[in-house]
Amino acid sequence: AQSVTQLGSHVSVSEGALVLLRCNYSSSVPPYLFWYVQYPNQGLQLLLKYTSAATLVKGINGFEAEFKKSETSFHLTKPSAHMSDAAEYFCAVSDHTGGFKTIFGAGTRLFVKA
Amino acid sequence: EPEVTQTPSHQVTQMGQEVILRCVPISNHLYFYWYRQILGQKVEFLVSFYNNEISEKSEIFDDQFSVERPDGSNFTLKIRSTKLEDSAMYFCASSDGVERKQYFGPGTRLTVT
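So the protein lines, in turn, are chains A and B. Residue 1 is where the first sequence starts when you use our numbering, and the numbers rise one by one after that. Residue 1 is where the second sequence starts when you use our numbering, and the numbers rise one by one after that.
Keep in mind that the hints were calculated from the coordinates and are not lab data. Keep in mind that this is a model prediction, so the values were computed, not measured. Careful: at least some of the hints might be erroneous.
Below are the DMTMM-like pairs computed for lysine to aspartate or glutamate, each with C-alpha atoms no more than 25 Å apart in a straight line [as the list claims (entries may be wrong)]: (1) A:Lys69 - B:Glu99; (2) A:Lys49 - B:Glu1; (3) B:Lys42 - A:Glu64; (4) A:Lys49 - B:Glu68; (5) A:Lys58 - B:Glu1; (6) B:Lys101 - A:Glu64; (7) B:Lys101 - A:Glu66; (8) A:Lys49 - B:Glu3; (9) A:Lys49 - B:Glu44; (10) A:Lys58 - B:Glu3; (11) A:Lys58 - B:Glu99; (12) A:Lys58 - B:Asp96.
Taking the hints into account, I'd like the entire structure generated from these sequences.
Structure representation (C-alpha cells):
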C-alpha cells in the first residue's frame, strides 16, 4: 500500500530562514506526490505536485520540492520564510488503485518567529 | 479558476440525528471524493465515487454513511445517525483524472452534541 511519512510534527524557523519540511513516501509504482497547505480554519490548498516530469517542482508562494527516487523523498523547501507561511503542511500521495484517492501524511505545523 | 463549493460551512446537530452535507464539484469533473479531518489530526479518506457508483470506501465509511449524486451537479454525504465521534471537518473533492490532481472544497465543520 502507498503511504507518506512526514518527519517532525512541528517545525519552527525564524523569518528569513530556510524552510525544510520532510516527506518520505512508500510506493510500489511511480508515485504522484503532492504538498498541500492548510491555514487555520481553512481548507486545503495545493502548493505543488509531482507527476513524473521534472524532479524539481516549483509551486506557489516560493515553495519547491525535489523528488528523489533513491531516497524515496519529496521534501518541501522555501529559501526564505515569511510570517504568512505559518500553517499546517501535508504531504500526500495519490493511490494508484481504485478511485485514485489521496493519502495524506500526518502533517507538519510550521511556526515562523519574527 | 473553477472551485468546489460546500454547504453549509458549519453544521451543529444532536447525537442520533441525520445530517446531509452538500458539495458542488467542478462541472466537468468525473471523480468525486469525501474526506474528513478530526480536529488536530490528519485528513482521512472516506469514499470515492465515479460513474454513479462508489469506487472505493474506507473502513470509516460504514453503514451509517451514504453518498449520492442526486441531480448531476450536487454530491452529498449523508450520516444517518450521528455520533459524537463524527464531529470533524468534512472535505469534498473532485477531479477530472488528469495527473490525479484533486480540487478540494473549503469544508463543512460538523459538530455533534
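Q. Are Lys58 of chain A and Asp96 of chain B close enough, with their CA atoms no more than 25 Å apart?
A. The given pair, whose Cα atoms are some 22 Å apart, holds under the 25 Å limit.
Q.
Check the hint pairing Lys58 of chain A with Glu99 of chain B against an upper bound of 25 Å on the C-alpha distance.
A. holds (16 Å)
Q.
Given the hinted pair Lys69 of chain A and Glu99 of chain B, is their Cα-Cα distance within 25 Å?
A. holds (19 Å)
Q) Is it true that the CA of Lys58 of chain A sits at most 25 Å from the CA of Glu3 of chain B? A) This hinted pair holds, its Cα atoms lying about 22 Å apart.
Q. Straight-line Cα separation of Lys58 of chain A and Glu1 of chain B no greater than 25 Å?
A. Holds. Lys58 of chain A to Glu1 of chain B sits at ~19 Å (cutoff 25 Å).
(Q) So if I understand the rule, the pair passes when the alpha-carbon distance is 25 Å or less; does Lys101 of chain B with Glu64 of chain A pass? (A) Since the Cα atoms of Lys101 of chain B and Glu64 of chain A sit roughly 17 Å apart, the hinted pair holds (cutoff 25 Å).
Q) Hey, Lys49 of chain A versus Glu44 of chain B, does the alpha-carbon distance stay inside 25 Å? A) holds (19 Å)
**Q.** 25 Å Cα cutoff - pair Lys42 of chain B, Glu64 of chain A
**A.** holds (22 Å)
(Q) With the threshold set at 25 Å, check whether the alpha-carbon distance from Lys101 of chain B to Glu66 of chain A stays at or below it. (A) holds (18 Å)
Q. Within a Cα-Cα threshold of 25 Å, do Lys49 of chain A and Glu68 of chain B meet the stated pairing?
A. violated (29 Å)
Q: Measure nothing beyond the straight line between the CA atoms of Lys49 of chain A and Glu3 of chain B; if it is 25 Å or shorter, mark the hint as holding.
A: holds (18 Å)
Q.
Hint check: Lys49 of chain A vs Glu1 of chain B, CA-CA at most 25 Å. Holds or violated?
A. Judged against 25 Å, a Cα distance of about 18 Å means the pair holds.
Comparing the model with each earlier hint shows a violation of hint 4 alone; every other hint is respected.
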